[in-house]
Amino acid sequence: MLNQNSILSKSNGIFFLSLLLVFASCREQSAPKNTIEFAGEQLNFALKEVAKVKEQYPDLLSPRSLREDTLFMVPPKDWTSGFFAGNLWWMFEATGDEFWKEKAKEFTEPLESVKDNKGTHDLGFVIYNSFGKGYQLTGNEQYKEVMITAANSLISRFDDRVGVIRSWDHNRDKWDYPVIIDNMMNLEFLFWATKVTGDSTYYKIADSHAEVTLANHFREDNSSFHVIDYDTLTGGVRNKHTHQGHAHESAWSRGQAWGLYGYVMSYRETGKKKYLDMAEKIAAFMLDHPNMPEDLVPYWDYNAPDIPNAPRDASAAAIMASALIELDTYVRGGKRKYRDTALEVLDNLTASYRSELGANKGFLLLHSTGHLPGKHEVDVPLVYADYYYLEALQRKNNIRFTSERKY
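Number 695 in this note's numbering belongs to position 153 of the sequence shown; there are no gaps in the numbering.
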């Protein structure tokens, strides 16, 4: 027979166990169960913060970063304007929730005003990451027409004498025909245009740009310059510079990530082994660099003078991770396990670089660096860091089921 103390002890134990179960249940309901759920809750918060700004500044469309803890938003003409729409499309792809499709359309369709802009090379970033994702997921023919018009605007910046697409029109006293490594990211848009139109012009221009960039942008150690300035009369190289890196001869981290991603994609679209080889060389430069931190989130420049106290660039890590996941599908069985490395990067970004829920105006990742020499966007969230983080997460999930997936 149980005495009164035993009964009380047992009752207390059941009571406290019940409390623990209730507490655990509440925690499970209030905390995101996984990264995609976190992204959904955080982007919902971002939409509310964006709406507040748009009430005062209706011409602004997309969030780009933070400035002194204030949401910095941009109009459609800004090179980053397509990434937030892309983030919303990623959420629709990940969840199938119509809410995200409607919100993505809301931030995609105003970007149509950019389709005739022949003064920028960034139409891939602006149009392909927004309308392109939307067309892929909905088959909306109007989106396709916008994209073809924008692709024609982009190829208007190609010069046969040089063989590449001009990047910038500013600083004409400094550069004649500047081409930046970032421009590799806009080529996928042109490869797509050939597929849907049957016109090989877009493909030939994209392939030419990749070929000439491979020949001129890279050093013997397989790091890349940021800016190559060409002579339009001879087609030769005038100067090799940086704009956002530490020095002309340094390796700007996001530039290396742009190059890696660009050559993985160019191999996918052309089948040229030289592009795959270049991608592997860039990956080796990055991953084996003595200044690569243990968590694989690079300093803003591999040659930054104040390492280990230099700012990191989570955007470079996210771009790298996304590219490595795809690269792994082309070199399975090789000595490098690119997918394992990419997943380690994603785990580290999630563990140590992710925003608190309901903070930082809805951005997902912290600690990116946009343009340190210009003292612009240093150690802040950046919308394109979030974009490539979400892309990498989607690629990770898709590859689990479809090892030969083409992106």
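Calculated from the structure, these hints are not laboratory results. Treat the numbers as computed from the prediction; the structure is a model and nothing was measured. Think of the CB as a built atom: it goes at the ideal place given N, C-alpha and C, for glycine as much as any other residue. Among these hints, one or two may not hold up.
Label-pair restraints from in silico Cβ distances [unchecked claim]:
1. Ser655 <-> Lys737: 46 to 52 Å
2. His918 <-> His790: 17 to 23 Å
3. Asp773 <-> Ala826: 30 to 36 Å
4. Met834 <-> Val873: 15 to 21 Å
5. Gly778 <-> Asp639: 32 to 38 Å
6. Asn851 <-> Asp741: 49 to 55 Å
7. Glu898 <-> Asn939: 31 to 37 Å
8. Arg703 <-> Ala901: 16 to 22 Å
9. His790 <-> Pro850: 38 to 44 Å
10. His712 <-> Glu836: 22 to 28 Å
11. Gly638 <-> Gly778: 50 to 56 Å
We went through each hint and held it up to the structure:
1. Ser655 <-> Lys737: 46 to 52 Å: violated, 25 Å
2. His918 <-> His790: 17 to 23 Å: At 19 Å between Cβs, range holds.
3. Asp773 <-> Ala826: 30 to 36 Å: holds, 32 Å
4. Met834 <-> Val873: 15 to 21 Å: holds, 20 Å
5. Gly778 <-> Asp639: 32 to 38 Å: Given a distance of about 53 Å, which is not inside 32 to 38 Å, the answer is violated.
6. Asn851 <-> Asp741: 49 to 55 Å: holds, 51 Å
7. Glu898 <-> Asn939: 31 to 37 Å: Once the Cβ atoms are compared, 24 Å apart, the range 31 to 37 Å for Asn939 and Glu898 is violated.
8. Arg703 <-> Ala901: 16 to 22 Å: Given about 51 Å between the Cβ atoms, the range is violated.
9. His790 <-> Pro850: 38 to 44 Å: violated, 23 Å
10. His712 <-> Glu836: 22 to 28 Å: Check failed, 39 Å falls outside 22 to 28 Å.
11. Gly638 <-> Gly778: 50 to 56 Å: Given range 50 to 56 Å: holds, Cβ gap about 52 Å.
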